[in-house]
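Novice: Protein sequence lines correspond, in order, to chains A and B.
As numbered in our numbering, the first sequence has no gaps in its residue numbers, which increase by one up to the final residue, 366.
As numbered in our numbering, the second sequence has no gaps in its residue numbers, which increase by one up to the final residue, 500.
Hints are supplied without guarantee of correctness; some may be wrong.
Pairs of lysine-lysine residues, derived as DSS-like cross-links and limited to a Cα-Cα distance of at most 25 Å, are as follows [claimed, not checked]: (1) B:K83 - B:K287; (2) B:K83 - B:K105; (3) B:K319 - B:K301; (4) B:K301 - B:K16; (5) B:K287 - B:K472; (6) B:K127 - B:K83; (7) B:K472 - B:K319; (8) A:K228 - A:K249; (9) B:K319 - A:K249; (10) B:K287 - B:K136; (11) B:K136 - B:K83; (12) B:K301 - A:K249; (13) B:K319 - A:K150; (14) B:K319 - A:K148; (15) A:K228 - B:K319; (16) A:K249 - B:K493; (17) B:K16 - B:K83; (18) A:K59 - A:K228.
A short, non-exhaustive set of chain B residues, derived as facing chain A with CB atoms under 8 Å [to be verified]: (19) A117; (20) K313; (21) I317; (22) L322; (23) P335; (24) E336; (25) G340; (26) V344; (27) N346; (28) M347; (29) V364; (30) F365.
Sample of chain A residues with no beta-carbon within 12 Å of chain B, all distances over it, derived [to be verified]: (31) L32; (32) T156; (33) V165; (34) W177; (35) G187; (36) P199; (37) Y226; (38) Y231; (39) V236; (40) Y245.
No lab work stands behind these hints, which were simulated from the structure alone.
Yeah, the Cβ is synthetic: ideal placement off N, Cα and C, and Gly gets one too.
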Amino acid sequence: MDNKVRNPLFHVAKRAALPWYKSWAIRFCAVLAALIVCGLITTLVTGEDPVAVYVSMWKGSFGTARRFWVLLQNIAMLLCVSLAVTPAFRMRCWNLGGEGQALIGCLCSAACMILLSGKIPNWAVIVCMIVSSILAGAVWAGIPAFFKAKYNTNETLFTLMMNYVATQLVAYFCVVWENPKGSGQIGIINPNSQIGWFPVIGGQKYLLNIIIVALVCVAMHIYLNYTKHGYEIAVVGESERTARYVGIKVDRVIIRTMLLSGALCGLAGLLLVGSTNHTLTPTLVEGRGFTAVMVSWLAKFNPIWMILTSLLLVFLGRGAGEIATNFGLNQSFGDILTGVILFFIIGSEFFINYQIKLTKSSGKEE
Amino acid sequence: MRNITKRFGPVLANDKVWLDIYRGEILALLGENGSGKTTLMNMLSGIYFPDEGEISIDGKPVVIRSPKDAFDLGIGMIHQHFKLVDVLTAAENIVLGLEGKLDLKAAARRIREICDAYGFEVDPSQKIYNMSVSQKQTVEIVKVLYRGADILILDEPTAVLTPQETDKLFTVLRNMRNDGKAIVIITHKMHEVEALSDRVAILRHGQFVGDMLTRNTNAQEMTNMMVGHAVTLNIDRPEPIDPKPRIEVNGLTIRSIDGILKLDDVSFTANSGEILGIAGISGCGQKELLEAIAGLQPVEKGSISYVNDNGTKEELIGKDPLEIAGLGVSLSFVPEDRLGMGLVANMDLADNMMLRSFRRGRSVFTDRRSPYRLAENVVRDLEVITPGVTTPVRRLSGGNVQKVLVGREIASAPTVLLTAYAVRGLDINSSYTIYDLINQQKAAGVAVIYVGEDLDVLLELADRILVLCGGKVSGIVPGRGASKRDVGLMMTKLGGKANG
Chain A
1 MDNKVRNPLF HVAKRAALPW YKSWAIRFCA VLAALIVCGL ITTLVTGEDP VAVYVSMWKG
61 SFGTARRFWV LLQNIAMLLC VSLAVTPAFR MRCWNLGGEG QALIGCLCSA ACMILLSGKI
121 PNWAVIVCMI VSSILAGAVW AGIPAFFKAK YNTNETLFTL MMNYVATQLV AYFCVVWENP
181 KGSGQIGIIN PNSQIGWFPV IGGQKYLLNI IIVALVCVAM HIYLNYTKHG YEIAVVGESE
241 RTARYVGIKV DRVIIRTMLL SGALCGLAGL LLVGSTNHTL TPTLVEGRGF TAVMVSWLAK
301 FNPIWMILTS LLLVFLGRGA GEIATNFGLN QSFGDILTGV ILFFIIGSEF FINYQIKLTK
361 SSGKEE
Chain B
1 MRNITKRFGP VLANDKVWLD IYRGEILALL GENGSGKTTL MNMLSGIYFP DEGEISIDGK
61 PVVIRSPKDA FDLGIGMIHQ HFKLVDVLTA AENIVLGLEG KLDLKAAARR IREICDAYGF
121 EVDPSQKIYN MSVSQKQTVE IVKVLYRGAD ILILDEPTAV LTPQETDKLF TVLRNMRNDG
181 KAIVIITHKM HEVEALSDRV AILRHGQFVG DMLTRNTNAQ EMTNMMVGHA VTLNIDRPEP
241 IDPKPRIEVN GLTIRSIDGI LKLDDVSFTA NSGEILGIAG ISGCGQKELL EAIAGLQPVE
301 KGSISYVNDN GTKEELIGKD PLEIAGLGVS LSFVPEDRLG MGLVANMDLA DNMMLRSFRR
361 GRSVFTDRRS PYRLAENVVR DLEVITPGVT TPVRRLSGGN VQKVLVGREI ASAPTVLLTA
421 YAVRGLDINS SYTIYDLINQ QKAAGVAVIY VGEDLDVLLE LADRILVLCG GKVSGIVPGR
481 GASKRDVGLM MTKLGGKANG
């Protein structure tokens with residue numbers, strides 16, 4: 001034993017593809033572990049009963065029928081923006097401007113409602129809202145796309161900066177169109193005439209949005225996976241040189257995809273103003289343009305999985321808010337729990353792709 | 001190395017391999033692509049850790065957990081892809097990552113000593129980005145020597161070198177051997193094995209097949225051991241059938257984006273049913289030439305015309321690949337960068353087949369069935385080793401990747417086939433498959449333009465050889481009867497014989 005060799009205790013090796021049930025078992029364990037850790041943190045830091053905290057988290061989303069509808073509405077809006085940025089992401093074009101593109105859509109919808117009300121029939125106002133907001137979103141994404149295609153500018157910074165332009169524009173118009181005068185806010189637009197308000201179907205205020213986004217989701221899935229455009233996007237994303245080699249016009253694909261991305265963000269803005277809120281504020285999109293990045297990544301750019309990931313994020317967000325009010329803790333505590341849970345879920349991907357092996361002692365030396 | 005086993009997921013890369021490396025000897029490690037040579041050496045140099053087995057150096061068992069452990073044990077590896085920082089000088093790269101006080105002057109002095117001892121030519125203060133490939137390789141070798149390595153591993157060191165540079169490298173390696181260092185060289189080129197090594201060790205499918213003294217064996221026997229059955233080592237060269245001009249290039253001049261002249265007044269004709277070989281030191285405009293014909297490279301002046309069967313001509317310059325295809329010109333291109341240009345590494349075989357065909361039909365949806373069938377045919381006909389047609393191509397070994405690419409390109413029944421370094425990095429068996437495929441295309445009346453780096457192969461395969469030197473045509477010689485020496489001279493000097 002004089003020349004005892006120290007072997008490393010373990011090493012990391014790449015796994016072969018796991019069967020789906022095993023990878024889901026790992027994800028499930030991750031959530032379980034996250035809940036336990038969160039429980040420990042809760043008890044240690046606040047002294048509250050962790051089970052009660054979880055129950056209230058759950059109730060925040062599923063407690064009443066109204067809360068459930070709000071949950072669905074929030075999922076729909078987040079999903080809509082996530083679906084919008086996904087084609088660009090598949091192309092490895094990091095559109096971080098979903099926030100601004102949606103907000104500019106909000107602005108155009110609100111502008112139509114305010115400026116056209118009473119001048120043309122209600123249906124014409126709605127048509128104008130649809131056209132203008134989708135167009136505006138597309139233009140907002142098209143500007144960075146043009147510069148990327150022609151001069152290879154960095155789309156990440158460009159789209160990000162376009163967000164601030166959109167926010168400032170909206171802030172400006174909020175003052176121009178303020179109502180009542182001197183409030184600096186717009187308030188509910190056309191509260192009595194309800195001009196430009198989208199029809200309520202099935203007696204549920206949010207149903208229209210949910211249906212529209214569900215349709216967009218299915219359409220996006222088909223577009224990305226089964227159409228020639230979708231294939232071109234994938235090739236450009238993987239390798240621009242290959243795309244050029246097979247004769248794909250890369251500039252055109254970049255601009256086309258970004259226009260689509262922006263148009264869908266514009267649609268999200270339209271739904272927020274026309275169907276849900278009937279008002280305009282600079283924070284109307286509530287950071288969904290950024291949360292969408294996480295939704296899309298977590299789902300590995302798969303539109304159908306994005307339903308689940310947006311559910312997860314919305315659920316956690318609402319749960320955090322609920323904890324804060326019920327237990328008199330501040331919002332940050334809920335955010336800590338959300339962070340822990342996300343950490344575990346993202347971390348579980350490591351264990352799905354890799355395994356940790358204990359080193360076997362080689363041979364059978366005495 | 002005893003009983004070394006390494007798995008990557010379900011793939012057994014090395015299976016109970018035994019290998020002995022002696023000081024004062026050059027060992028050639030042979031094996032087909034994917035037979036586990038590089039994996040084995042990576043375990044020796046600390047990049048991977050073996051799943052089983054043990055490594056002893058000078059009789060003492062050792063554990064190599066990291067490249068640093070390997071350096072401490074005197075093991076240094078020179079990889080195929082250099083790991084140098086472009087904006088630093090040679091000396092800075094060499095001392096990079098070493099502990100202790102930074103003294104570049106002392107370092108430069110030691111580098112000069114090492115160079116003098118073995119016959120290297122390195123300027124310690126030269127920046128890496130100003131260096132040729134061969135100079136960069138030299139820096140890599142000096143880097144490991146500087147760290148006190150006395151076991152050197154070189155992974156396909158000659159793949160990027162000209163014949164002259166290769167000779168220089170071999171001299172240096174012999175000097176190091178005579179100094180008592182142990183040298184392992186991974187290569188595919190049989191004549192290099194015979195010229196350089198003292199002993200060969202052969203791996204097949206991750207298993208150790210055997211080793212022997214080089215002087216007791218020959219290329220045929222080594223190849224048979226590598227492949228596992230007897231193979232013939234001759235390349236066919238049937239006479240061209242009814243050659244007619246197919247591509248006429250006139251006064252082609254190309255500048256790169258930085259304004260550097262890449263091709264200067266190049267003119268030639270490629271005939272149908274003929275293989276036109278293109279020889280030249282790498283970076284002499286071969287890439288630009290092929291890409292210009294394929295419609296991927298802006299041209300300063302000159303013309304490239306495609307001659308139809310009925311004698312009418314189509315100008316290809318100024319058209320992109322789509323427009324060229326729109327003219328009815330069926331042009332296939334096997335580019336040098338297989339995974340970065342010819343194929344999409346992350347897509348599966350079927351989706352890669354679709355690259356050429358996905359536009360067919362008016363439907364907005366893609367037709368997935370015919371590429372899938374094509375992929376199955378290619379896998380079957382070209383004996384591609386893959387778990388299935390839904391495997392991403394990046395998981396395939398180099399030879400199989402190339403078979404997929406060539407299979408797709410010839411599936412479209414081309415009239416012109418451009419290939420760049422079609423067998424680079426491929427083992428013997430795969431290389432011969434590719435030569436056969438190219439010959440079949442030639443027999444079918446395709447005008448083949450074959451850019452190659454291995455002169456021996458060019459001289460055996462091509463009907464005519466165009467030699468490029470610094471972007472100019474140095475000469476066009478018939479493939480039959482040309483001497484390697486003459487072509488080699490033409491590669492380095494315009495006209496070749498100018499100096500007598």
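Novice: CA of K59 of chain A to CA of K228 of chain A, is that 25 Å or under?
Specialist: 45 Å, violated
Novice: Would the stated hint for F365 of chain B survive a check requiring a Cβ distance to chain A of less than 8 Å?
Specialist: Holds, because the Cβ-Cβ distance from F365 of chain B to chain A comes to roughly 5 Å (cut-off 8 Å).
Novice: Would you check the hint for K228 of chain A and K319 of chain B, treating anything up to 25 Å between C-alpha atoms as holding?
Specialist: 22 Å, holds
Novice: Are K16 of chain B and K83 of chain B close enough, with their CA atoms no more than 25 Å apart?
Specialist: 30 Å, violated
Novice: Are the Cα positions of K301 of chain B and K249 of chain A separated by 25 Å at most?
Specialist: Holds - the C-alpha atoms of K249 of chain A and K301 of chain B are around 24 Å apart, at most 25 Å.
Novice: So, V344 of chain B near chain A? Judge it on the closest CB pair being under 8 Å.
Specialist: 4 Å, holds
Novice: Mind checking the CB of I317 of chain B against every CB in chain A and telling me if the closest is under 8 Å?
Specialist: Given a least distance of 16 Å, the restraint on I317 of chain B is violated.
Novice: Check the non-interface label on Y245 of chain A: least C-beta distance to chain B beyond 12 Å or not.
Specialist: 5 Å, violated
Novice: Per the CB criterion, is L322 of chain B less than 8 Å away from chain A?
Specialist: 4 Å, holds
Novice: When the nearest CB of chain A is found for V364 of chain B, is that gap smaller than 8 Å?
Specialist: Check passed: Cβ of V364 of chain B comes within 5 Å of chain A, closer than 8 Å.
Novice: Check the non-interface label on V165 of chain A: least C-beta distance to chain B beyond 12 Å or not.
Specialist: 33 Å, holds
Novice: May I ask you to test the interface hint for A117 of chain B with respect to chain A, counting a Cβ-Cβ separation under 8 Å as satisfied?
Specialist: 33 Å, violated
Violated hints for the displayed structure, listed by number in ascending order: 4, 16, 17, 18, 19, 20, 21, 24, 37, 38, 39, 40.
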